[in-house]
Amino acid sequence: MKQTIASILVMLLLFAAVPAQDASIAFVNAKIIPIVGQPIDKGVLIVKGGKIVAVGDVNAVKIPAGAKVVDLTGKVLMPGLVDTHSHIGEGSGADGSAPIQPDVRIFDGLNPRAGSLQRAQSGGITTVNVMPGSGHLDSGQTLYLKLRDGAMKVEDLLIYRKDGSYFGGIKFANGTNPIRPGGGNFPGTRAKSAALVREQFIKAQEYKAKIDKAAGDATKMPTRDLAMEALVEVLDGKRVVHFHTHRADDVMTVLRLKQEFGFRLVLQHVSEAWKVADEIAKAKVPASIIMIEAPGGKLETMDVSMTNGAALEKAGALAGFHTDDQITDSRWFLRSAALAVRFGMSRDKALYGMTMAGAIMLDMADRVGSLEAGKDADFIVLSGDPLSVYTHIEQTWVEGKNVFDRSNPADYLIAVGGFGAGSDQSFDLDCFDGDIQGGRQ
Amino acid sequence: MRKMTFVTKTLTSLALLIGFASIAFAQIAVKGETVWTMNGDPIKDGIVLVKDGKIEAVGAASTVQIPAGYKVITAKVVTPGLIDAHTVIGLNGYLNQPHDQMALDGSSPIQPELRAIDAYYAAEILVEWVRTFGVTTIHTGHQPSALVSGQTMIAKTLGKSVENDTMVPTAMIAVTLGPSALNQGGKSPGTRAKQIAMLRAELIKAQSAKPDASRDLKTEMWKKVLAREVPLLVTAEKAVDIMSALRLAKEFKIKLVLDGASEAPQLIAEIKESGFPVIVHPTMARPGGDRDSLSMETAGKLRAAGIPVALQSGYEGYVPKTRIVLWEAAMAAANGLKYSDALGSITIDAAKILGIDSKVGSLAVGKDADIAMYDGDPFEFTTHCIGTMINGTVVSSTVR
Chain A
0 MKQTIASILV MLLLFAAVPA QDASIAFVNA KIIPIVGQPI DKGVLIVKGG
50 KIVAVGDVNA VKIPAGAKVV DLTGKVLMPG LVDTHSHIGE GSGADGSAPI
100 QPDVRIFDGL NPRAGSLQRA QSGGITTVNV MPGSGHLDSG QTLYLKLRDG
150 AMKVEDLLIY RKDGSYFGGI KFANGTNPIR PGGGNFPGTR AKSAALVREQ
200 FIKAQEYKAK IDKAAGDATK MPTRDLAMEA LVEVLDGKRV VHFHTHRADD
250 VMTVLRLKQE FGFRLVLQHV SEAWKVADEI AKAKVPASII MIEAPGGKLE
300 TMDVSMTNGA ALEKAGALAG FHTDDQITDS RWFLRSAALA VRFGMSRDKA
350 LYGMTMAGAI MLDMADRVGS LEAGKDADFI VLSGDPLSVY THIEQTWVEG
400 KNVFDRSNPA DYLIAVGGFG AGSDQSFDLD CFDGDIQGGR Q
Chain B
0 MRKMTFVTKT LTSLALLIGF ASIAFAQIAV KGETVWTMNG DPIKDGIVLV
50 KDGKIEAVGA ASTVQIPAGY KVITAKVVTP GLIDAHTVIG LNGYLNQPHD
100 QMALDGSSPI QPELRAIDAY YAAEILVEWV RTFGVTTIHT GHQPSALVSG
150 QTMIAKTLGK SVENDTMVPT AMIAVTLGPS ALNQGGKSPG TRAKQIAMLR
200 AELIKAQSAK PDASRDLKTE MWKKVLAREV PLLVTAEKAV DIMSALRLAK
250 EFKIKLVLDG ASEAPQLIAE IKESGFPVIV HPTMARPGGD RDSLSMETAG
300 KLRAAGIPVA LQSGYEGYVP KTRIVLWEAA MAAANGLKYS DALGSITIDA
350 AKILGIDSKV GSLAVGKDAD IAMYDGDPFE FTTHCIGTMI NGTVVSSTVR
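The listed protein sequences derive, respectively, from chains A and B. No gaps in the numbering here: position 216 of the first sequence is 215 in numbering that gives the first Met the number 0, and each next residue is one more. No gaps in the numbering here: position 213 of the second sequence is 212 in numbering that gives the first Met the number 0, and each next residue is one more.
Next up, chain A with everything else stripped away, as it sits in the complex (with noise of 0.2 Å):
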């Protein structure tokens, strides 16, 4: 008995010694869309240490010896979603005490273990920007993160660059919803608003002429400025602007402020980019939008339209998409390009705008948003068509592992929802944390 104890044990330490992402798997027989390169009717999506060994055609991609080999006839393989604006995980940014707070980091307010995170796996979504709200003309740093299974703390979930830093940006907003007129001070019109942050910038460029003068003698750096640290990463192209912006005017307004300051810039929601779509390529600016179904809602969004994808293509412009959770669903994501195509925007564009295009948006085109040999095994198994309703997400993956999937019952339950399911998240529609709350007040 002792003896058979002590053999599984072994066995056991066996398995353990060699983790399962150590083994060679290959996906076999599904249609592979890889984003970048034309799909294949029959292909093998070889994984092995998480990442994306090979990918090509059955006939022509050598299955490695001992690899597992999983077959999904029938089935659509895609790379995983990139959500480049969400508000899962419950983050919280910028207090009410000023309008601009570069120092304040979504990474101190996020809860790992949200409902809301394991809805995104089911929905597809393998890498997400987490942001703070839309309620500031900077409401602070966002995280980029992985939804890896398991976290227990938001450092489980941090894509890490070769230098050992995280991957995350800075949220910036303009129009109505950081307006907050008599509220101290906030600003009370959008030219205000463009002045505040001007001021800033140009707060950060002498910040940053001084550490330059300094010339790494630690005796000469300026004090040390938490808001201005984060402000002169933004100038130094280091983080990127998610600049919130609806109307024309303030996407214009905003293009302007990135051409005087040179910072980096993805522009979010961009609701009225079927007016400015030419401008926006023109400045080689990506625009990440939104699937909306109706208009309005707010005042700045009375002319939102979804045509903006084609709009946006049309242009030459980079567009890609977010859920903005909970404004839209992340287990829906895919429906955004669905509704974009419904509204001119083609096809392959569509798809690569939720893959690729935020992959480049979030600096991690060499990464993810794709399926090509060395990039990350995320990737997600569809029941067909990615652009049908009747399709469904059945399996996510992130870095070779299974993070969802729908055949298992607490995975399903999280899929489609029902007693029992919970929730986590509270329902306020956090992109915008002023007065108004969506739900049944």
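There's no promise every hint is true.
Claimed, not checked - Not the full set, but computed from the structure, chain B residues with beta-carbon under 7 Å of chain A:
{"no.": "1", "residue": "Y93"}
{"no.": "2", "residue": "P97"}
{"no.": "3", "residue": "W128"}
{"no.": "4", "residue": "Q265"}
{"no.": "5", "residue": "R285"}
{"no.": "6", "residue": "S292"}
{"no.": "7", "residue": "M295"}
{"no.": "8", "residue": "E296"}
{"no.": "9", "residue": "Y317"}
{"no.": "10", "residue": "P319"}
{"no.": "11", "residue": "T321"}
{"no.": "12", "residue": "I323"}
{"no.": "13", "residue": "N334"}
{"no.": "14", "residue": "F378"}
{"no.": "15", "residue": "E379"}
{"no.": "16", "residue": "T381"}
Calculated directly from the structure, the hints in this document are not laboratory data. Using N, Cα and C, we set each Cβ at its ideal position, and we do this for glycine too.
Given the structure of chain A, go ahead and fit chain B onto it with the hints provided.
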């Protein structure tokens, strides 16, 4: 008299032309590769003849002749005009500003006397918006979020005027149970139990009102409820609230239409026994709050159990200001609701629940010629609505 300017002349002749056009095309033949009449299987290569605003004939092309002089419209898929079984558009406008939000008056928790027709703006942008997706009839009115927020009404989405477009001026009384209709700071109702106590008190007051008493608008409405002329539209998500509603209906022998009802799958036997229909929450409604049990399979489960089910775009407080009921049905169809039942939930079954099935909801001879036309499977997000007809007139030909 001032001379007619060029502009007014042009406008007048344009108006004449349009008038002429609508007379000229009073007779229309709608041809569809698939025609869903909602009475049995869909017809392949079907024809719907429309005359004087009504459906004149429906059938396969092999059996229905298109008479001379009929304008022919062709679509891949033809369905009855869609019915949104519960919305607040027309009362709540798309701008979401105080001046266009008229579906809730917060001055008192019980206001059955508030008529939807006194707040319905027929030409509101969202009414036009849903029309372009094939929605021809809406059950709209006061929103959920007060115990008794007011009346609902049924209108065609013609966008002309409340007088012209209304089918049923008082359809139901909107009641909301549960936390979303609670008041704070010591104001009633502050608890679930108080909500029911207040409703019982109102109904008992109406029961015992003397016939010679002076007119009271609230009592008049409650009497209609007690007479089963007007049902209560009870928005209740949690099982506890659904059961309270059923108990109330039993006590006062009143008619209910359950609304939202995300925990209804837990109470299938009870709801079935009551005989009341359910206007299920939008399939893609946001989970959370008292909707934490929300499921995309609610409609499918209830329908499979034989409970009459309709779908709705519901109430939205922010963005998007309205949903498209077609897509809520589409998602239900993708999550357990039979295809024909999903279509039924936004056509004939909705019409039956709303009591307007003698006029709309299916393509049958004598019914209003309300027709939606699509260039593919209406449920696919990539399909377009290519035309909408109400009362025999094409009211939208926007491809959307």
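Hints versus structure:
1. Y93: Interface hint status for Y93/B: holds (3 Å vs cutoff 7 Å).
2. P97: Violated, about 11 Å.
3. W128: Hint holds; W128/B Cβ to chain A Cβ min 6 Å, cut 7 Å.
4. Q265: holds (6 Å)
5. R285: holds (5 Å)
6. S292: Check passed: Cβ of S292/B comes within 5 Å of chain A, closer than 7 Å.
7. M295: holds (5 Å)
8. E296: OK, holds: E296/B within 7 Å of chain A, min 6 Å.
9. Y317: Holds, about 4 Å.
10. P319: Hint on P319/B: holds, closest Cβ of chain A at ~4 Å, below 7 Å.
11. T321: holds (5 Å)
12. I323: holds (5 Å)
13. N334: holds (6 Å)
14. F378: holds (6 Å)
15. E379: holds (6 Å)
16. T381: holds (5 Å)
Of the numbered hints stated above, the single one contradicted by the structure is hint 2.
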